[in-house]
Amino acid sequence: MGAYIAKRVMLSFATLLAVLFILFMLMDLMPGSPFNDEKQTPEQIARSIALYGLDKPWPARFGRYALNMLTGNFGVSYVISKNIPVTDLLKTRFAVSARIGLQAVALGASLGVLLGVASAIRHNTLLDRACALVSVIGISIPSYVFALTLSYAAGFKLGWFPLLYQPKQAIASSVLPTVALSLGPMASLARFSRAEMLDAMDSDYIQLAKSKGVHGPRLIASHMLRNAMIPIVTVLAPLVVGLMTGSLVIEKIFSVPGIGSLLITAIQSNDYNVAITLSFIYCAMYIGFMLIVDILYGVIDPRIRLVKEAGFHD
Amino acid sequence: MTDTGAPQKGRMEDRRRDGAASDGGLGADIPGADSLRADRSLAGRFWADFSRADSLRADRRRADRELLERALAGRFPKPRLISPARLDPFADDDFDSLEAPPAAEESTVGAGGGFWRDALLRLRKNTGAVLGAACIAAIVAMAVVGPMLSPYRYDEQIVGNDSMAPRVPGIERLGFLDGGETLKTSTGSASVNKYRDRPDGDGLYYWFGSDTLGRDIFTRTWEGTRISLFVALVAVVADILFGVGYGFVSGYFGGKTDIVMQRAVEVVNGIPTLVIVTLLILVLKPGLLSVTLTIMLTGWIGMSRMARAQMLKIKGREYVLAARALGAGHLSLIFREIAPNVFGQLLIMSMFSVPGAIFTEAFLAFIGIGIPVPMASLGSMISEAFKSMTVHPYMLVFPVAVLAALMLSFNMLADGLRDALDPKMRDL
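Line by line, the protein sequences give chains D and G. Under the working numbering, the first residue of the first sequence carries the number 1, and numbering increases by one thereafter. Under the working numbering, the first residue of the second sequence carries the number 1001, and numbering increases by one thereafter.
Only chain D is shown next, with the shape it has when bound in the complex (with noise of 0.2 Å):
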């Protein structure tokens, strides 16, 4: 077990490596310089591009570059707002982001779960055919035009909801967003639920458990869902990621003052420095999460532990 999280671990800090260099590459490949003052002579210039080190070779520059990136020295903003410190802008919106997000995950995993478990016990019958309808239109709707109909319709139409984010009305104006956000990951985790359950309800245990009397919420509970959370759980985390970039669009439309918002107009306005740190943010928390669920479902059940360990990847 040690050997295989220091190995997940390695293979994490070398994925956002990799983000890093990407990420630099990126910065130095951008159009503009720093300098572009016309009234300072060549040397001036070249004494401050001494001065800020850009001189260097690459290797030095990453390095110097990678340090402050994990470190958490972002750099100042020069648009959106100017030489505010990145990390202070993210402060109250990394908070709202946040929050709407774990709401969207409970919903849309509770919510996903249950339809699966539903249309698997009523298998093949009116319920699982509205199901399977449901979970097809939630994977192939993208989550914005989704977002629009539910603001159009239950904001502006029918007023039930704020149409657009207000700090004042926090739990009230957050229920638009969450739902927008939840549609996706509830479809994928319906469907998913359900065929892993239909396999579950196939099985040797679940017979025995049925001959020895076991028998309705019981059975389902605890002898076929507990086992079919196992690969449930492993889907989560590519979800929850989904979920993130999902949330770029969403806070837009309901212009939540959240990071995804924030990382949109960082790139409608050339802000590069809150563009880049906000795209290292995403890239941390995805490679965060994929680690957490790695190390969990190695945790959950150790046959993948065993596979991984001995090398058969996929």
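Bear in mind the hints are in silico, worked out from the structure with no lab data behind them. Given the structure is predicted, the values throughout are model-derived calculations rather than measurements. All residues carry an ideal CB built from backbone N, CA and C; glycine is no exception. Errors might be hidden in some of the hints.
What the hints assert, rightly or not - Here chain D is said to cover these stretches of chain G; the calculated rule only asks that three of the stretch's residues, wherever they fall, bring their Cβ under 8 Å from a Cβ of chain D:
(1) 1055-1064
(2) 1273-1286
(3) 1362-1374
(4) 1398-1405
With chain D held as given, fit chain G onto it using these hints.
Positioned in the frame of chain D, the structure of chain G alone reads:
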């Protein structure tokens, strides 16, 4: 070792005692030997009883038979012989012997045509997939002819014709799509029909309406669909070129090559696609070319895994070994022997990357770094219409509907194709 100490110790002592007993003599002291002997005599007795009963039963059977024969002896007359000629009422030439008909070949195989024909048959039974295919065909047809049907060009801005609600000849008489819309303001709502308010409005038709700059939404929608379909094509090509190529090389050569290549894939896979796409666009400058390029660069990873798995499955087959024994080189093995056997399936699998690519393009357009301005894309149209959603909702309806239908159809068709190719892979 789950036993506790005490029983284990007991067992050891037993064994020691057994050893001592076998030293002493012929098992005289072995505990339980007496009961074993008793057992044997019991079994012996049982066996004797059993065989005695058997012989008794045989005797009784013989007696029964004799009784029966004696009883029947006098009762029936002995059979008399009748000459065959009197018995047979038929003449010799009453029957013609026919040639035996040629034995019909027993059909144990279904109709020929093989794998693809079976797949097609299964696909046709899948209602969702058929609907999806029909929908895609309709959308493709409209993308090809749509812009030619309307009198407007996609980038033609007509001053004064901005924000016209949809009006379709014929249907307008039903009181629906007649160019009227309800405008909501803070003081109340009002029904407006811009076409009627104008002197020249009679012959004016915008089927899907016009946008805030006076451009025809019908033309732009189908222009945008062209972009989406183009992106879909790009995704498939990238899947086949990069994904299949990478997966084949990794799977075929195996060993260290495979390990290094798979680690690289894991690292690249650790970066969220939308983030990397966004950053790449920033560097490459927004435009159709850079959108195409980023979709090509980021979309192939899932495919490479599938291609690698297929390669691992096929490369151990006998015919590959045979070809290698005959002296075929790596290229010949990959392209002549292995690729033809998996390429069709991989091509169909690449359908799954289509919805993702369409979504990515629409996403980029939506956040404003996709297709540059005069061009239309479904995503950029949705993005623009979003700004006036509460005033003119019709601007949003058509691009959203086409985008949703396109993604839904591709998903359903891809699902159906996968099920048709390999029913076992359902619910994967």
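(Q) Please verify the coverage claim for the segment 1398-1405 of chain G: does it have three or more residues whose C-beta sits within 8 Å of some C-beta in chain D? (A) Since three or more residues must qualify, the claim that chain D covers the segment 1398-1405 of chain G holds, with 3 doing so at under 8 Å.
Q: With a C-beta cutoff of 8 Å, work out whether three or more residues of the segment 1055-1064 of chain G approach chain D closely enough for the coverage to hold.
A: violated (count 0)
**Q.** Whether chain D covers the segment 1273-1286 of chain G (at least 3 residues having a Cβ closer than 8 Å to its Cβ atoms)
**A.** holds (count 9)
Q) With a cut-off of 8 Å between beta carbons, are at least three residues of the segment 1362-1374 of chain G near chain D? A) holds (count 6)
Going down the numbered hints, you'll see the structure goes against just number 1.
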